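We have chain A already, so just place chains B and C on it with the hints.
Chains as they are written, first to last, in the numbering used here: chain A, 1 to 409; chain B, 1 to 100; chain C, 1 to 163.
FYI, nobody ran anything at the bench for these hints, they're computed from the structure. Hints may contain errors.
[To be verified] Dumping the calculated EDC-like pairs for lysine to aspartate or glutamate here, alpha-carbon to alpha-carbon at most 20 angstroms:
(1) A:LYS113 with A:ASP3
(2) C:LYS160 with B:GLU72
(3) C:LYS160 with A:ASP3
(4) A:LYS194 with C:GLU124
(5) C:LYS127 with A:GLU190
(6) B:LYS85 with C:GLU124
[As the list claims (entries may be wrong)] Restraint ranges, calculated between C-beta atoms of paired labels, are given here:
(7) C:ARG26 with A:LYS387: 38 to 46 angstroms
(8) C:VAL16 with B:MET1: 20 to 28 angstroms
(9) C:LEU17 with B:SER89: 24 to 32 angstroms
(10) C:PHE100 with B:ASN91: 47 to 55 angstroms
[To be verified] Take a look, some chain A residues computed to stay more than 10 angstroms from chain C by CB distance:
(11) ILE16
(12) GLY53
(13) LEU81
(14) GLU110
(15) TYR140
(16) ALA183
(17) ALA301
Just so we're clear, the structure is a prediction, and the values are computed from it rather than from any experiment. Even glycine gets a Cβ: it sits at the ideal position worked out from N, Cα and C.
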Amino acid sequence: MSDFIAQHPVVVISLIKVIVLMILMMTALAYLSWFERKMVAHIQSRWGPYRVGPHGLLQPLADGLKFLFKEDPTPGGVDRLTYFLAPFLAMSLALSAIAVIPFGPGQPIEILKGHPTGLQIADVNIGLLFLFAITSLGVYGVALGGWSSNSKYPLLGGLRSSAQMISYELAMTMSVVGVVLLAGSFNLREIIEKQHGHWFGIPQWNLLAQPLPQVIGFFCYFVAAIAETNRVPFDLPEAETELVAGFHTEYASFKFAMFFLAEYANMITVSCLATLLFFGGWLSPFPATARFAWTLYLPAALLAVGAVWLFVDGLRYTTRLGRIVMPILALAAAGLAVVCALPGVMEIVQGPFWFLSKVFCFLFFYVWARGTLPRFRYDQLMAFGWKLLLPLSLANVVLTSAMLLVSRK
Amino acid sequence: MVPSFYYLVLSAILFGLGVVGFVFKRNIITIFMAIELMLNAVNLAFVTFSRHLGQLNGQVFVFFVIVVAAAEAAVGLAIIILIAKHRQSLNVERVDLLKL
Amino acid sequence: MNAELIVFVVLAGIAVLGAVSLIVQRHPIRSALSLIVVMVALAGLYLLQGAELVAAIQIIVYAGAIMVLFVFVIMLLNAGEEERTNLSRVARYVGLPLAFFLMLQLAYWIGRGAPGHAAPAAPETTKGLSQMLFTTFVLPFELTSILILVAILGAVVLAKRES
Numbered sequence: 001m002s003d004f005i006a007q008h009p010v011v012v013i014s015l016i017k018v019i020v021l022m023i024l025m026m027t028a029l030a031y032l033s034w035f036e037r038k039m040v041a042h043i044q045s046r047w048g049p050y051r052v053g054p055h056g057l058l059q060p061l062a063d064g065l066k067f068l069f070k071e072d073p074t075p076g077g078v079d080r081l082t083y084f085l086a087p088f089l090a091m092s093l094a095l096s097a098i099a100v101i102p103f104g105p106g107q108p109i110e111i112l113k114g115h116p117t118g119l120q121i122a123d124v125n126i127g128l129l130f131l132f133a134i135t136s137l138g139v140y141g142v143a144l145g146g147w148s149s150n151s152k153y154p155l156l157g158g159l160r161s162s163a164q165m166i167s168y169e170l171a172m173t174m175s176v177v178g179v180v181l182l183a184g185s186f187n188l189r190e191i192i193e194k195q196h197g198h199w200f201g202i203p204q205w206n207l208l209a210q211p212l213p214q215v216i217g218f219f220c221y222f223v224a225a226i227a228e229t230n231r232v233p234f235d236l237p238e239a240e241t242e243l244v245a246g247f248h249t250e251y252a253s254f255k256f257a258m259f260f261l262a263e264y265a266n267m268i269t270v271s272c273l274a275t276l277l278f279f280g281g282w283l284s285p286f287p288a289t290a291r292f293a294w295t296l297y298l299p300a301a302l303l304a305v306g307a308v309w310l311f312v313d314g315l316r317y318t319t320r321l322g323r324i325v326m327p328i329l330a331l332a333a334a335g336l337a338v339v340c341a342l343p344g345v346m347e348i349v350q351g352p353f354w355f356l357s358k359v360f361c362f363l364f365f366y367v368w369a370r371g372t373l374p375r376f377r378y379d380q381l382m383a384f385g386w387k388l389l390l391p392l393s394l395a396n397v398v399l400t401s402a403m404l405l406v407s408r409k
Numbered sequence: 001m002v003p004s005f006y007y008l009v010l011s012a013i014l015f016g017l018g019v020v021g022f023v024f025k026r027n028i029i030t031i032f033m034a035i036e037l038m039l040n041a042v043n044l045a046f047v048t049f050s051r052h053l054g055q056l057n058g059q060v061f062v063f064f065v066i067v068v069a070a071a072e073a074a075v076g077l078a079i080i081i082l083i084a085k086h087r088q089s090l091n092v093e094r095v096d097l098l099k100l
Numbered sequence: 001m002n003a004e005l006i007v008f009v010v011l012a013g014i015a016v017l018g019a020v021s022l023i024v025q026r027h028p029i030r031s032a033l034s035l036i037v038v039m040v041a042l043a044g045l046y047l048l049q050g051a052e053l054v055a056a057i058q059i060i061v062y063a064g065a066i067m068v069l070f071v072f073v074i075m076l077l078n079a080g081e082e083e084r085t086n087l088s089r090v091a092r093y094v095g096l097p098l099a100f101f102l103m104l105q106l107a108y109w110i111g112r113g114a115p116g117h118a119a120p121a122a123p124e125t126t127k128g129l130s131q132m133l134f135t136t137f138v139l140p141f142e143l144t145s146i147l148i149l150v151a152i153l154g155a156v157v158l159a160k161r162e163s
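Next comes chain A alone, as it looks inside the complex (with noise of 0.2 angstroms):
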């Protein structure tokens, strides 16, 4: 076994990074529902989950119980072949596009002595044509749940659905082809690092790069990316509204699951791609000069109020499950300020705390649209995404490539 591990530690360390990743990120969508639903809730002027569990926390668990042991009917006259893959199918591939994000910078952790890995399960040369790759097989999962269900209103939604995302598809790649000009590689890594450097105090991210600050790119790719995960203010085929469910009406217990999961981690994952394209990944705003060095401490103060929080607000919570679990919850959490306070740690940290607040307030910034904007309608959505995101993003392509020629004469 030892032996084993010694002669294959590629394969072994990827094995431990997937499943860690994994674990991560089954608890990040049961609770970025869990988030969903109270920041939709406090925009709607009500609470969101509240009972179960200090602030509905626990909300996630029992949904997740409840998916596990309701009925899970199949209609009749269903192609089932089709319709049992199709969740799966949308399911692993949302999952599988994690692979190739990149967390950090550099070569930090050693899981195995001896064998420095980075941040990353899978350093591609074309990592970022693998996302598209995967963006594209995930209309399957769509057309084929909706077919397959053997009843007009799913077939309606998957085909409205597809049809979107196929749609807004070209739209998002061509936004990013401006990006690819300024890095000069698909290698995500690569985008990053060009990223680097701040040019009179502004951090040089490709949103405000040199020569062209890609902002024209930047607005298509979210839109576009928004519509190609089928959320607010492009779901249509899946409102309730209007269409009862859309593709997955027909889909009930742990299959229904499974979709709304890879929406979610579609979700994920477009943010994650947002901001290593045009935020910089896990590249700090300020610049690392000694007059910044405090900077280097901002998780850790964050994790440390984070703490008091909890601990104040768990004292004085009404439930005695709330009164005990909170301030364990405040006391792990000062526990995680203090070690990211050390000096080893210090530095590992820095990478992973900026990419993921930058990833966490694009997910605001989708929870937030869907509780605030109206839905358009298909016609609209569909002439907005050809006519207009298209050639905008051709346009970008374009000027983009005119700055470059013109700055490097």
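Below, chains B and C without anything else, positioned relative to chain A:
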């Protein structure tokens, strides 16, 4: 190191299976898919030769084959939809008159 | 029995099984799914040979767009299972062996064209490929863009003939 011969044999097998599908199936769409299978087999042969000879020309050709297959699929499927609407059937044995 | 050979055998097996399934299945949607499996397996084989950009294009364009078109058409036309007619005797006893013989011939004659060992994999295929596309092959590149435009026009005209 997998010898190029293995890839070429695989390409020949896939091409042969595409021919079998093209000749023996009766659904228009399945016949079209067998054509796409043949194109894919040819792509594999191109990539194998490109790797074997150390040149990139083969991969450029694969790029063009994929693009042409896309154009062909678009127009071909439009024609198939028209035929299916006229003949109410996707059976290729029913489309055997010059007059539609 | 190194790792590359094992991966090749697995991917080749998946590709052949997918191709056989394409022929054997009676419902067109299952044939379409089998073809998608073949394409993904072939993309894996391209990656194994170091052709990264081609593998990515195969999945993004071929498996992710062209096959979606096929799947849409099958769904729109509500294609059902094929009618069961037996193959004629000639087809079954002469045709299938002839097809097998064709495969053998192709394997022999094409296989003869690759003697000796393969050259080592080029490291930067994406860059090399794009440079070739824009210098040596720029004319076919521009012609294919016109071809795609013509195909779009043709598809629109054909689809509009209904109304």
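Consistency of the hints with the structure:
1. A:LYS113 with A:ASP3: It holds: about 14 angstroms lies between the C-alpha atoms, which stays within 20 angstroms.
2. C:LYS160 with B:GLU72: With a Cα-Cα distance of about 18 angstroms, the restraint between LYS160 (chain C) and GLU72 (chain B) holds, given a limit of 20 angstroms.
3. C:LYS160 with A:ASP3: Cα-Cα ~67 angstroms, so violated.
4. A:LYS194 with C:GLU124: Within the cut-off at roughly 19 angstroms; holds.
5. C:LYS127 with A:GLU190: Since the Cα atoms of LYS127 (chain C) and GLU190 (chain A) sit roughly 15 angstroms apart, the hinted pair holds (cutoff 20 angstroms).
6. B:LYS85 with C:GLU124: violated (49 angstroms)
7. C:ARG26 with A:LYS387: 38 to 46 angstroms: holds (41 angstroms)
8. C:VAL16 with B:MET1: 20 to 28 angstroms: Because 22 angstroms falls inside the window, the suggested range holds.
9. C:LEU17 with B:SER89: 24 to 32 angstroms: For SER89 (chain B) against LEU17 (chain C), whose Cβ atoms are near 30 angstroms apart, the range 24 to 32 angstroms holds.
10. C:PHE100 with B:ASN91: 47 to 55 angstroms: violated (26 angstroms)
11. ILE16: holds (19 angstroms)
12. GLY53: holds (41 angstroms)
13. LEU81: The claim breaks: LEU81 (chain A) does not keep its Cβ more than 10 angstroms from every Cβ of chain C (closest is about 7 angstroms).
14. GLU110: Check passes; 24 angstroms lies beyond 10 angstroms.
15. TYR140: violated (7 angstroms)
16. ALA183: holds (13 angstroms)
17. ALA301: Its Cβ never comes within 10 angstroms of chain C, the nearest being 42 angstroms, so this holds.
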